[in-house]
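Asker: Okay, here's what each chain looks like letter by letter:
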Amino acid sequence: MTQGVSSEEEVMEVLEEKSGQPDRGRLVIQVAGVVAVLAVLALLALGLRYRAAGRVDKGPAPAFTLQLFDGGQVSLDELQGKAVVLNFWASWCKPCAEEAAVLEAGWRQYKDKGIVFVGVDYIDTEPDARAYLKRYGISYPNGPDLGSKISYAYRMQGVPETFFISPDGRILDVYIGPLNREALLVRLDRLSQ
Amino acid sequence: MRSKIMMLVGLMALLAVLGQAAAQTPTADDVNNVAKELFCPLCTGITVDVCETQQCVQMRSLIAQKLAAGETKEQIKAYFVQQYGQTVLGTPARKGLGLTVWILPFLALLLGLVWVVYVLRNWSSKRRNGAASDEETLAELPDKYLQQLEQELRESE
Numbered sequence: 001m002t003q004g005v006s007s008e009e010e011v012m013e014v015l016e017e018k019s020g021q022p023d024r025g026r027l028v029i030q031v032a033g034v035v036a037v038l039a040v041l042a043l044l045a046l047g048l049r050y051r052a053a054g055r056v057d058k059g060p061a062p063a064f065t066l067q068l069f070d071g072g073q074v075s076l077d078e079l080q081g082k083a084v085v086l087n088f089w090a091s092w093c094k095p096c097a098e099e100a101a102v103l104e105a106g107w108r109q110y111k112d113k114g115i116v117f118v119g120v121d122y123i124d125t126e127p128d129a130r131a132y133l134k135r136y137g138i139s140y141p142n143g144p145d146l147g148s149k150i151s152y153a154y155r156m157q158g159v160p161e162t163f164f165i166s167p168d169g170r171i172l173d174v175y176i177g178p179l180n181r182e183a184l185l186v187r188l189d190r191l192s193q
Numbered sequence: 001m002r003s004k005i006m007m008l009v010g011l012m013a014l015l016a017v018l019g020q021a022a023a024q025t026p027t028a029d030d031v032n033n034v035a036k037e038l039f040c041p042l043c044t045g046i047t048v049d050v051c052e053t054q055q056c057v058q059m060r061s062l063i064a065q066k067l068a069a070g071e072t073k074e075q076i077k078a079y080f081v082q083q084y085g086q087t088v089l090g091t092p093a094r095k096g097l098g099l100t101v102w103i104l105p106f107l108a109l110l111l112g113l114v115w116v117v118y119v120l121r122n123w124s125s126k127r128r129n130g131a132a133s134d135e136e137t138l139a140e141l142p143d144k145y146l147q148q149l150e151q152e153l154r155e156s157e
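Protein chains in written order, with this note's numbering: chain A, 1 to 193; chain B, 1 to 157.
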């Protein structure tokens, strides 16, 4: 009857064995739960790392293709060998209007010296963007940043912001805020050398 | 007489054109009906119908133009998604990292259901086997404990 059970500890062992059979199902669920939590944490870490990647202010310029308001398109790849002034703007942006004439004058002055100006219209409405281009007589290629992909690739801080890209596709300088004539010409001279 | 008839016809034609134009001009409510389902792409958590930034003012104006041109709400929303990305709808993208936000709740729900089913099955099987296993367990206990248990039960009665 007693089957060799002689102490309280042994009694407890018998009771535990009877009440708690080896439980595979519970183990599987626990492992699945832990894996799910770890997966969520890994994704969060990935997202935070991506967001904390910092500014794009040197090194290779991110590739882009811009659909232009006039129906064509321009890509950084096809501009290899030319220096590029990549300007982010919007029609609702007052400081952008301050630099609009300066940029157009710079473009006209340097377009024959191997420098291409490209305007990227950030979070804007097309009729207002077109009216803005007409108002300031902007003649260099411009197009909307569809899905904000280009501004995101360049980690753009806010409009206006201008990236100066060398003929071999490297970012040489970034200017945040409205460019004045002197600031633009200094950079254009450097680019055209 | 003839000129009066001509004038009357002209007046009616003018009224018809004005009436049609009025019918095609969207009201503020029509515009807000679309704008309330779009989020200001430059702000955080503010819908376009109540947002006062210049960009939102321009967006409302464009919505009005598109409604007047006969575009539906869905067409207008699709246009803004193409322009500004999925965030304008206030929902995460259905691709890349954003996809996990769509999948995880369902995955968690599934896991929870599996757990509930498991627990319920465990309980019912324990209840079924409870009596038999209690007897087996008691049979394995030493006599002195059984006697003690019986004595305590007697005393408690």
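Everything labelled a hint here was simulated from the structure, so no lab data went into it.
Please note that a few of the clues may not be correct.
[As the list claims (entries may be wrong)] With a cut-off of at most 25 angstroms between alpha-carbon atoms, the simulated DSS-like pairs for lysine-lysine come out as follows:
no., chain 1, residue 1, chain 2, residue 2
1, A, K134, A, K94
2, B, K66, A, K134
3, A, K149, B, K95
4, A, K82, A, K113
5, A, K149, B, K77
6, A, K113, A, K94
7, A, K58, A, K149
8, B, K95, B, K126
9, B, K66, B, K77
[To be verified] Short derived list, chain B residues pointing at chain A, Cβ under 8 angstroms:
no., residue
10, P41
11, Q58
12, L62
13, Y84
14, T100
15, L104
A virtual CB, placed ideally from N, CA and C, is assigned to each residue, including glycine.
Asker: Hint by hint, which ones does the structure fall short of?
Answerer: Going through the list in order, the structure violates hints 6 and 8 and respects the others.
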